[in-house]
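Visitor: Spelled out, the chains give:
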Amino acid sequence: MKKLSTSSKVYLFLIFVVLYAPIFYLIFYSFNSGGSMHNFESFTLEHYNAVFEDSRLITILINTVIVALLSGLIATIIGTLGAIGIVSIKDKKMRKTLLSLNNVLIVSPDVVIGASFLILFTMIGVKLGFTSVLVSHVAFSVPIVVLMVLPKLLEMNTSLIDAARDLGASKRDVLTRVVLPYIQPGIFAGFFLALTYSLDDFAVTFFVTGNGFSTLSIEIYSMARTGITLTVNAISGLVFLVTILVVIGYYFVTNRSKRVNEEVQR
Amino acid sequence: MFNKASKGPLFPYIIWIALFVIAPIVLIVYYSMLDLNGNFTLANYRNFFSPVYLKMTLTSFWYAFLITLFTLLFAYPTAYLLTRTKHKHLWLMLIIIPSWINLLLKTYAFIGIFGLYGPINAFLEVFGLDPQQILFTDFSFIFVSVYIFIPFMIIPIFNSLDKMNPTLVYAARDLGASSFTTFRRVIFPLTIDGVKSGIQVTFIPALSLFMITRLIAGNQVITLGTAIEQQFLVSQNWGMGSTIAVFLIIIMVIIMLLTGQKKGGRIQ
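Residue numbers (our numbering), protein chains in the order written: chain A, 19 to 284; chain B, 40 to 307.
If you're looking for bench data, these hints aren't it; they were derived computationally from the structure.
Glycine residues also receive a C-beta, built at the ideal position from the N, C-alpha and C atoms.
You may find that some hints are simply not true.
One-sided and incomplete, this derived list gives chain B residues near chain A with beta-carbon spacing under 10 Å [to be verified]:
| # | residue |
| --- | --- |
| 1 | PRO48 |
| 2 | SER138 |
| 3 | ILE193 |
| 4 | ILE267 |
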């Protein structure tokens, strides 16, 4: 493989600069004692204090995390069971139909999902708020879990299951002691993606949330519409920190499970 | 277990499909045929084919096209160069991380960056130029959208480039093809699937953006997404909103068919 030429390196460098500059720009000014995102006066932590002292903001943060964790968990259960169910279907046509239906919500624009869920909730009389937001987040996270778990199930050697049955394992044992441990990395990946989907979602939540309930995205939107508030910068500093920690954590967990798998195979 | 069809686990999943995949589509189509008083009508469809909405659809298309084009133009070389780096997966990871930062925060950053006193204008001033209104222009809208979408375009292209057998490139070079011919006749055709999925994940969301248009383009740009949001949440005209949504779904299906890939039969 040839080494990268200088111009290629410069190009890549510029792309990385452009990708990260806005994020660091936000974080840099979160320490500004002046109230704006230009001319940095002096270092301060007052905006971070403001975040932690604002009980409304803290409630919203907690709401966001609760919705993400709960919806991720429920979606992972439904999605994993769904993937197991899909694999057990013999009829090819039926299987294909289910898979196409599965992908509808992945490719649909957020606005359409949000609008149609709004109609749905109004029709069946679900009050807009925590429940509607949670249910929507579960709904759009299920297909991604299925897509993460399915390949693991398909690559699994079926003789493992036959062997377990021959050795007298009940159906339940086969599921909990053979299948689930095998597809575990897929389940984790699905749960993790569901979390990020939920944390990142704005459009769907914007449609199905009522007046009383708000997530971080919605709150930032309404703050940003009124102009620049350095509290938002402080929030982004915190979000960035958490993201980096999660990335490192995720990297660590997947690497460890990979190593464990390799050792088991040896 | 896989042989004996066990329908039990499928039950919640089927309910999910019925409630959140099929029912919403049916409801959207149903509502598109209702007027403000809930009576059956086709007026919404007639409205959609009026010059106002057709023009909006066309401009929305034009913006989505430009966004996709620029995203592709910047993403392809990036993906290509990334596959040539030493720790390519680490670098790819670094490209993906910004996409995990909340979308709203990244958009908000540009309100400051493009602002009248922001760094871009400060930079222009060094060259003796007067501060420009960058925010609320087409440029800022397209720039921010490209910024948001670029990681999603890079990932599929990177994957298809990564899967490509490098000896094919060496063979082409040995047979006397120039770098450009190699790219045009060998590399690009082999990675077209990645490009197609990249276009899919950029073009459809670009048609339906509404948050970026509101914050960055300041109601200058109206996309199909903005129009739907407007009809649903501001005008409370769900019928018209649903009609636009129906067309957005149709457009989406057409794009999926155009950029659809021959499935290698993985799931057969």
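Visitor: Taking the hints in turn, state whether each one holds.
Guide: Going through the hints against the structure:
With a least beta-carbon distance of about 4 Å to chain A, the hint placing PRO48/B at the interface is held under the 10 Å criterion. For the restraint placing SER138/B at the interface with chain A, the shortest Cβ-Cβ distance is roughly 9 Å, inside the 10 Å limit, so the hint holds. Look at ILE193/B: its Cβ gets to within about 9 Å of chain A, closer than 10 Å, so that hint holds up. At its closest, the beta carbon of ILE267/B sits 5 Å from a beta carbon of chain A; the interface hint therefore holds under the 10 Å criterion.
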